[in-house]
Amino acid sequence: MQTAADWTKTGVKGELTYATFGCNVFQEANFPTPDRVTPDVNVERHMDVSLNLPTPDGKTIRVWTFTDPLAATPALRQASYPAPLMRFRQGQIVHSTLDPKKNAHTLHHHGIEPTTTNDGVGHVSFEVNARYTYQFRPHRAGTFFYHCHRNTPLHFEMGMFGPLIVDPPEGPGTLFSGGPKYDVEKIWAIDDMDPRWHTLDHSSGMCGEDVGLNRFDPKYFLLSGVFNNKTTTDKRAVIEAKVGQTILIRMINASYSVLETTLSLPGVCHGMDGCALGLESWNAPLALPANRPFIISTAQRRDIIIKATAKGVFPVRMRFLNWVTGQVQDSGRGIIDTRIVVT
Amino acid sequence: MNRRKFLMVSTVAASLASIPGMASAQAANGVFDLTIEPVDSEMIDGQFVFSLMFFNKSAEGRPVLEVTEGNVVTINISNLDTRPHGFGIPGIPTASIASIPAGGTATVRFTAPVGGSYLYIDPTLAPLNRIMGLYGAFIVKPKLGTTLAGSATPFSRASHTPALAAVFDAMGTHKRFPGNKWIPTDPERDKLWLFSQVDPLLAARVDAGEVIPPASVVPSFVPRYFTINGLSGYDAAPHKVDETTDWTKGAARIMPHGRQGQPTLIRNLNAGLCTHSPHIHGNHVFKLSDSNASGAVVCAASSYELDAWPLAPLSRQDLLLPFERPGDTIIWPPVDEPFPMRYVMHCHTEMSQTAAGGNYPMGLVTHWEMTGAL
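From first to last, the protein sequence lines are chains A and B. Going by the working numbering, the first sequence opens with residue 1, and the numbers climb by one from there. Going by the working numbering, the second sequence opens with residue 1001, and the numbers climb by one from there.
Since the hints were derived computationally from the structure, they do not count as laboratory data. Small disclaimer: the values here were computed from a predicted structure and weren't measured. Each hint should be verified, as a subset may be incorrect.
[What the hints assert, rightly or not] Okay, the calculated beta carbon distance ranges per label pair:
1) B:1290 to A:215: 27 to 33 Å
2) B:1150 to A:92: 47 to 53 Å
3) A:9 to B:1201: 37 to 43 Å
4) A:233 to B:1293: 27 to 33 Å
5) A:92 to B:1298: 36 to 42 Å
Quick reminder that beta carbons are idealized off the backbone N, C-alpha and C, glycines included.
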């Protein structure tokens, strides 16, 4: 049951205070989506805390994620890390419903530009403790992601994120209308994990306790859900293409490191943070020469086109750099190696 | 939560109480009189941390020094600390004082370079004195900043690139940007985000008189507070604004505010030791400029639209927040949902969203407000 909108109980018209920013943030159970219209597409996400990933050193690490209750098969409805892909067409009216099932959370569709209420930040709107339908209509084709924006340092680190792709009206195979076409698509969701953080509780630190969320010392490094001991072989990480094909890499830096990437094939960046390059007069696609490292910081995305012109195995290296020292994390072990295999 | 009023109380002059207002300092005849002083600085959670700060005559901490290209600038500095200090502006080699003894004074005179956003710092014992708090913004207005098509910009025409001119010319004329051009004389259209961090343990060691080897600062730095213009979290945005709001100082200098179609400059500087990844909601920003290795202002050859951007220590970037219609809204202007639209800006390297190890979101976060449609 949806209730009538009472904006005074939200960050929209309620009094913003020190408490409503953090310890006592606005929460709503069944807030009615303002200016609700009939959607073209519905997605839904529940929260899940059942996942424990086996780590390369023989331990397990707890992650939290979102599940997709509307997925076609029971297998696809299981918890996964990262959370399942959302994929829309440019111009579709999207209803993205969050039903946390436990505690309060939000969905922030990162890079999407909706109204405040549909942006998923509790202290300027509300957190969702029962059910809310976020509404927006993506006007840009490109690479985005979604994540929980409650106690964000912890919830994003715990795994509560998934990729979000907006295809142009012509559908997958074209990055954006008027932009490059591609044959092979790979989402690289790049992450690091500090196991100490993964023992904390949902609301840790929010009422002022020192839980050490200012210190992040990652021990695990993952590419699209694959720990870095398997990233040169696991098909979720490795790119496979045939000579003559065009590869699109959608990079999402979901880590808390400064990510330095070196491709051994030349590429061209055609999209940054969901924005097409070269359509308007103030910017142009950016060449990424082979073997020249480039940096992306947390939450940045890059859409990179690579032409597979010759057979071979082409290494890719990602180095996770500490935000203060600039050194490779975990005493030099914070590196992901993977490959582009052209046959 | 026993949270006291945000104050900074000088340990030197007990009667002096001040916030880090970062007010604009207008130089009389191009002369600024600054002091360097030790202060006990209140953090967002009520803890006091020893720090060092530049002040001007009005006792406002970290004054924003604003000058015009080509003018002669004189900066007199009195060092009221018990330790020697210095002065420098990366990118302006002539604006340098190698050392000012404890209790001493010094003067530097130089000609203001091309328009853009600069940092003044104490570069001695680098990066120790800077991270202890000795930093501020030095803003140079261009003598001739308009594009060939007549659009005002914050950069000298000689520095312009075709991309930069295209962005400023598009505001108010391109079909995507109905509304106004950027207005250089309107303080509401000129925002400052000067980031830094605070490590209380390091501060306590300095306060206790310990000699800190400068090379040890970065490897041992554990920031516990994350600031914009010296403020954090709830304090980093004004929560009531009206016609009396002074947009040139305090939290109002941080928070972009206006109607759709009022593009706003954001001067984005990092005085700290962390590489931040600021992320903005609601609109993407246009990257306008960067600082190069020697500190000079470089306008963008390609103006990328970003929702997150890396900001390394000492780097300075100017951005344009277009205040365009949030592009993924459906009903515009909204009927059910009231203005203002309020969108956060926060560093996405989320350790920065904390204070004292928790307290989300009392770190490097503010928001911007769109008060109405065109």
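Outcome of the hint check:
no.	hint	result
1	B:1290 to A:215: 27 to 33 Å	holds (30 Å)
2	B:1150 to A:92: 47 to 53 Å	violated (40 Å)
3	A:9 to B:1201: 37 to 43 Å	holds (41 Å)
4	A:233 to B:1293: 27 to 33 Å	violated (40 Å)
5	A:92 to B:1298: 36 to 42 Å	holds (40 Å)
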